[in-house]
Amino acid sequence: MRIETTRFGVVEIDDNALLTMPNGLMGFENMTEYCLIQHQPTAKFKWLQSTQEPSLAFVVVDPSEYFSDYEIEIADSDVNKLQLSSALDAAVLVILTIRGGGQRVSANLSAPIVVNSKNLTALQVVLQDERHETRHALTPTHIKHTAAA
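The letter at position 12 of the sequence shown is residue 45 when you use the numbering used here, and the numbering goes up by one with no holes.
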């Protein structure tokens, strides 16, 4: 499948690698199909690119790359929507916000995206855990590590 993007031009995506998000993302509920683009092979982050809207893309990262103690618990209803039979089948991504020319980077730890790696269904879940912030700052060490990747 070929998709048009505003950041990367035309990109070839394997049909078997499309993520289906039945509820979309917060604020983008009608956008339900995405793909992950790794723009640089060694980068820690990826782009969650809408296949329906060329200009809609989010920088995402596996939170374990930066937050070793990050754990989430999702509701049984979300487990059922994702059709997860094992926690091992779940991949977690968080959306990054980059400001100030890359000098201020934050991660939305309170609304991660959980992906069933078996069927590629994904949901953005809102956690009820006060430890996780919507704008959890990455430290300068994190930012340097991200920029080098």
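To be clear, the hints were calculated from the coordinates, so they are not data collected in a lab.
Small disclaimer: the values here were computed from a predicted structure and weren't measured.
Misleading hints may appear alongside valid ones.
As the list claims (entries may be wrong) - Cross-link-like lysine-lysine pairs, in silico, DSBU-like; alpha carbons within 30 Å at most:
no. : residue 1 : residue 2
1   : 151       : 79
2   : 77        : 114
3   : 114       : 151
To be verified - Per label pair, the in silico range of CB-to-CB distance:
no. : residue 1 : residue 2 : range
4   : 34        : 137       : 31 to 41 Å
5   : 162       : 34        : 18 to 28 Å
6   : 111       : 45        : 25 to 35 Å
7   : 137       : 116       : 32 to 42 Å
8   : 161       : 47        : 28 to 38 Å
9   : 113       : 45        : 29 to 39 Å
10  : 49        : 163       : 18 to 28 Å
11  : 151       : 89        : 17 to 27 Å
12  : 120       : 88        : 14 to 24 Å
13  : 110       : 133       : 14 to 24 Å
14  : 53        : 88        : 14 to 24 Å
All C-beta atoms in this analysis are idealised placements derived from N, C-alpha and C, irrespective of residue type, glycine included.
Within 14 to 24 Å: is that where the Cβ-Cβ distance between residue 53 and residue 88 falls?
Since residue 53 and residue 88 have Cβ atoms about 20 Å apart, the given range 14 to 24 Å holds.
Within 25 to 35 Å or not, the Cβ separation of residue 111 and residue 45?
About 32 Å separates the Cβ atoms of residue 111 and residue 45, which means 25 to 35 Å holds.
Is it true that the C-beta distance of residue 34 to residue 137 lies inside 31 to 41 Å, as the hint says?
holds (35 Å)
Taking the Cβ atom of residue 161 and the Cβ atom of residue 47, is their distance within the range 28 to 38 Å?
Holds - the Cβ-Cβ distance for residue 161 and residue 47, about 36 Å, lies within 28 to 38 Å.
In this structure, is the beta-carbon distance linking residue 162 and residue 34 contained in 18 to 28 Å?
37 Å Cβ-Cβ, so the 18 to 28 Å window is violated.
Does the Cβ-Cβ separation between residue 137 and residue 116 fall within 32 to 42 Å?
Between residue 137 and residue 116, where Cβ atoms are some 37 Å apart, the hint holds.
CA of residue 114 to CA of residue 151, is that 30 Å or under?
Holds: residue 114 and residue 151 sit about 13 Å apart, inside 30 Å.
Should the hint that residue 120 and residue 88 are 14 to 24 Å apart at their CB atoms be regarded as holding?
violated (34 Å)
Is it true that the C-beta distance of residue 49 to residue 163 lies inside 18 to 28 Å, as the hint says?
For residue 163 against residue 49, whose Cβ atoms are near 39 Å apart, the range 18 to 28 Å is violated.
Do the Cβ positions of residue 110 and residue 133 conform to the proposed distance bound of 14 to 24 Å?
For residue 110 and residue 133 the Cβ distance comes to about 38 Å; the hint is violated.
Going straight from one Cα to the other, do residue 151 and residue 79 come out at no more than 30 Å?
Holds - the C-alpha atoms of residue 79 and residue 151 are around 19 Å apart, at most 30 Å.
Tell me if the beta carbons of residue 113 and residue 45 are separated by a distance inside 29 to 39 Å.
Once the Cβ atoms are compared, 34 Å apart, the range 29 to 39 Å for residue 45 and residue 113 holds.
In this structure, the earlier hints numbered 5, 10, 12, 13 are contradicted, and the remaining ones agree with it.
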